[in-house]
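With the sequences and hints as input, model every part of the structure.
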Amino acid sequence: MSLSVLYDAPGPKTRRNSMIASIIGVILIVAFFFWMYLTLAAPRVSANGAIQPGTFDPSRWDIVARADLWMSFGIGTLNTLRMAAVAAVLAVLIGILFSFGRTSRFAVVRGVTGVILEFVRGIPVLLMIFFVFLVFAAGSYWSGVFGLALYNGAIIGEALRAGVKSLPRGQREAGLAVGLTPIKAWAFIEFPQAFRQMLPIILAQLVVLLKDTSLAFIVSYPELARTIGNNRNFFGSRYMFTLFAIGLVIYLVLNLTMSWLARFVARRSGPKLGKALPNTPRQIGVDGTRAITLPGGGYGPPDPPH
Amino acid sequence: MIDAIIDVSPAYFAGFLMTLQLLAISGVGAFVVGVLIATMRISPVPSLRMFATVYTEVLRNVPLLLVLMFCALVVPILGSDLDYYPLALIGLTAYTSPFVAEAIRSGFNGVPVGQAEAARSIGMGFGQTVTLVVLPQAARMVVPPLINVFIALTKNTSVAGIFFVDELFKQTDAATRDNPSDVILVLIYAALLYLVITVPLGLIAGAIEKRVVVMR
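Going down the list, the protein sequences come from chains A and B.
Taking the numbering used here, the leading residue of the first sequence gets 79, the next gets one more, and so forth.
Taking the numbering used here, the leading residue of the second sequence gets 2, the next gets one more, and so forth.
It is worth saying that the hints were derived from the structure and are not from the lab.
A few of these clues could be false.
As the list claims (entries may be wrong) - Straight-line Cα separation of at most 25 angstroms, DMTMM-like style, residue types lysine to aspartate or glutamate; simulated pairs:
| hint | chain 1 | residue 1 | chain 2 | residue 2 |
| --- | --- | --- | --- | --- |
| 1 | A | K243 | A | E196 |
| 2 | B | K211 | A | D135 |
| 3 | A | K243 | B | E210 |
| 4 | A | K262 | A | E236 |
Structure below.
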């Protein structure tokens, strides 16, 4: 539901009130950040009376001029991406396998896949990575990759299954009627449509996967989060805030780019809602009521089916 | 084998209780903050909407490990003398709240526009439309995704174990070192304890989802 229906196009009085509220809001937010800045910048007195320089003191930031620091962050970023890329490909493959198993003709296959899925989805990724690391002695890189791929594969598998389930039954029946075997009907008719329809969810899950590579911290894989820790041990803990800030910015840039890319691809190649799906009822009252929306507000994209 | 299970049980149950505590307290906290953020996101005041959007985008795109690292390693440097446990609670609450807000927002988006339009057309204002018409319908649809957020939170509490909170994952880590010959057993034991929380929650979410679908 577009929120512009919830209230009238504002008149002069409302616009003024809204403006005042906005200004107060901005002032409060700015004041909060200013307070945080002052707190961070103030020199600190430790328990034994020694005075330490504030967070923004040059002595806490001089390491940013060192090439080896950026070298190590660069390697950490590459390691994160290297793990995420391989795990993402594996996760999609495992997801396809899971969804295939869950829609199998044989009750045994369905049952076993279901139990494995519940198990994999129900335990923390951290425990999964740890499990692969200790039980299969896979080394830190591959335990991270397999732990992440298995967990995210289970979620992608469930998304694909939901996608197959939401297709009109006629799709599969038409395939069977022209003589395809059930497996071929699944592979050539049902799966491609389900994959396309679930692409936004799959891509969103891959963004989660990228974030979760930080959990490979636990098996000492030298990714970005571990890089922060390693540099802290190397340069000393007074640089902790600096190192953390650098790591945070790199993560934000990586993840926001990925999220944006995911949204872009989803918009480009997602399903055309209301055309591909039979069960998206036409919403009553969508046409001809633009009078109550904000100027230029519009309705936005149609609601997803529920 | 049985010895290993008996050996680790007391530590596991203590860890399990700690995990439940983390889940309950940060769950309630995240719900409160999440509702606040969701309200800001649909409010008529642009600056609040903007703040809520930025808050959601930033926290959703930072790994939980980094959020907890900030709480456990950076905040103490800044002069706070809080213990690791309340710091972990703050971190988990902050990390989970945007997901709660998004779940609530998606519930709002699930209510057909016509409902709000009908309410507006009989003269209800913003407050009345939201509280009397949209919210009661959205509440039902919000429950399953919200439970899924809490399932994710259950699993996420394990990350607090890295940062010195004695919850189930930390106990598991210690148990694998104490019982090198029964590593698999000890790990599966811990996994089952997590499943004891997550599987029933998942079943409840599924059941409610089915009922909501029938009602619509």
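field: Violations among the numbered hints
entry: 2
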